[in-house]
Structures are given as C-alpha cells and as structure tokens.
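Trainee: Please model the entire structure based on the sequences and the hints provided.
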Amino acid sequence: GDSVTQMEGPVTLSEEAFLTINCTYTATGYPSLFWYVQYPGEGLQLLLKATKADDKGSNKGFEATYRKETTSFHLEKGSVQVSDSAVYFCALRVSGGSNYKLTFGKGTLLTVNP
Amino acid sequence: GAGVSQSPRYKVAKRGQDVALRCDPISGHVSLFWYQQALGQGPEFLTYFQNEAQLDKSGLPSDRFFAERPEGSVSTLKIQRTQQEDSAVYLCASSSLGGQYSNQPQHFGDGTRLSIL
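Chains as they are written, first to last, in my numbering: chain W, -19 to 94; chain A, 18 to 134.
Honestly, I wouldn't trust all of these hints.
Quick list of the computed label-pair ranges, beta carbon to beta carbon [as the list claims (entries may be wrong)]:
1) A/LYS95 with W/THR6: 29 to 35 Å
2) A/GLU85 with W/THR(-15): 31 to 37 Å
3) A/LYS95 with W/THR(-15): 30 to 36 Å
4) A/THR93 with W/ASP35: 35 to 41 Å
5) A/GLN34 with W/THR50: 45 to 51 Å
6) A/ARG39 with W/SER75: 28 to 34 Å
7) W/ASN39 with A/VAL91: 26 to 32 Å
The list that follows gives simulated cross-link-like pairs (lysine-lysine, DSS-like), each with its CA atoms no further than 30 Å apart [said to hold, decoys possible]:
8) W/LYS86 with W/LYS36
9) W/LYS86 with A/LYS28
10) W/LYS86 with A/LYS95
11) W/LYS29 with W/LYS48
12) A/LYS74 with W/LYS29
13) W/LYS32 with A/LYS74
14) W/LYS86 with A/LYS31
15) W/LYS57 with A/LYS31
Since the hints were derived computationally from the structure, they do not count as laboratory data. Note that CB positions come from ideal geometry on N, CA and C, so glycine has one too.
Mentor: So this is what it looks like as structure tokens:
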C-alpha cells in the first residue's frame, strides 16, 4: 500500500538556522506530494505541493523537490523563524483508483527558539 | 464562512455514549472528507463524500462509526457506544471538485478533539 515516512522529531533549532525535514514515500501509483503544517490548536494548512517528478514546490521560504529516483520530498528552509514552530506533515495522493485519499506521515514537531 | 468549520471544538463523553460531530465545508465544495488523527500521529482517512453520495467508507474503524451528508453540504460523523480508543482529533476537509482531480487541494477545518472517559 501507500505510505509516507518522515524523520522522527522533535526538531529544535535556533532562529535563522537551516531546516531539513526528510520525507520518503512508497506509492502504488504515480503520486502527488504535499507538505502540510499544523499550528497549535489549528487544523492542517497546505504549505506546498508538487505533482510530478522534478517539480519544486515552494511557499513562505519553504521548498521541496519531488525526487522520483529516491522517492523523496524533503522539506527545506534556509532561515527559520520562531513563527515556523509547528508540526509538519508530508503526504501523498496517488492518481487513479482511490485518488482522493491523502496518506500522511506521522508528523515532525519543529520548535524554533529565539 | 471562508473556511471549513467544525463543531464542537472539544467534546468529552463517557464510554458508551453516542456522539455527533459536525462539519460545514466551504460553500460549493463538492468533495468532503473525514480523517481521524490519534495523538502523535498523522491523520488517517475515514470516509469520502462526493455531494451527498458516500463513495468510500473503507477507513471507518467499525460499524459504530457512521457518516452522512444528506443534502450535499453539511456532514455529520456519528460514533455510537464510544470507547476509549475513539479518543482522537477528527478532521474534516473539503475540496472544490470531484475526487478524480487528484491535484485539487483539500482544505481542512480545525478539528474536533474527542475525549472518551
């Protein structure tokens, strides 16, 4: 079946540090890939997405590149801020069949200290 | 409203009681989804509606879980005879088009946190 594996958290960084959160996937079909962010007490917000190999999704200084050869979609940001503290979820959705289902990783808690 | 609205935000129930969770999707959105998020885990798919039709309920954990969307807008997730393992955050999401458009984003509500004592 489909699955997403994220690096274990929590991740604690100082402000302006470089962020990488690793994400790899297994998919039964051709997936679209997503990163969602969940701030405390809130629902999930779509952060960025990529729908085909070598696409780069970007938003709010975050970016991730769809790497088909390594089945990865790592999230990066060059300089994190305190306001980036949240839980980050990598997710996929395959085309065809049950293509409406999002399959999520377990999430990675990021804490950014001033 | 502008986003997906869920109510109540918090629900505490005693084991064995029935609960009903409500979702108001974004106006005009065709697709509606329910997910269950256990503590420290990612959301897991429960069920999918396209308008009023429930096209997939494969993720519902047991026959105690029931979802409906009778007029193709508001949806209710009902859990009968609740058990402690039902404690989780229940997330509702909607998207503008039918589910065959796999790159359409799903917009999530803030969730209902259900605690079973």
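Trainee: With reference to the structure, classify each hint as holding or not holding.
Mentor: Structure-based check of all given hints:
1. A/LYS95 with W/THR6: 29 to 35 Å: holds, 33 Å
2. A/GLU85 with W/THR(-15): 31 to 37 Å: About 35 Å separates the Cβ atoms of A/GLU85 and W/THR(-15), which means 31 to 37 Å holds.
3. A/LYS95 with W/THR(-15): 30 to 36 Å: holds, 33 Å
4. A/THR93 with W/ASP35: 35 to 41 Å: holds, 37 Å
5. A/GLN34 with W/THR50: 45 to 51 Å: This hint holds: roughly 48 Å between Cβ atoms.
6. A/ARG39 with W/SER75: 28 to 34 Å: Given range 28 to 34 Å: holds, Cβ gap about 32 Å.
7. W/ASN39 with A/VAL91: 26 to 32 Å: Because 30 Å falls inside the window, the suggested range holds.
8. W/LYS86 with W/LYS36: Between W/LYS86 and W/LYS36 the Cα gap is close to 22 Å, so the pair holds against 30 Å.
9. W/LYS86 with A/LYS28: Given pair W/LYS86, A/LYS28 holds - Cα atoms ~24 Å apart, limit 30 Å.
10. W/LYS86 with A/LYS95: Given pair W/LYS86, A/LYS95 holds - Cα atoms ~25 Å apart, limit 30 Å.
11. W/LYS29 with W/LYS48: Since the Cα atoms of W/LYS29 and W/LYS48 sit roughly 14 Å apart, the hinted pair holds (cutoff 30 Å).
12. A/LYS74 with W/LYS29: holds, 26 Å
13. W/LYS32 with A/LYS74: Given that 30 Å is the threshold and the Cα spacing comes to 28 Å, the pair holds.
14. W/LYS86 with A/LYS31: Within the cut-off at roughly 28 Å; holds.
15. W/LYS57 with A/LYS31: violated, 44 Å
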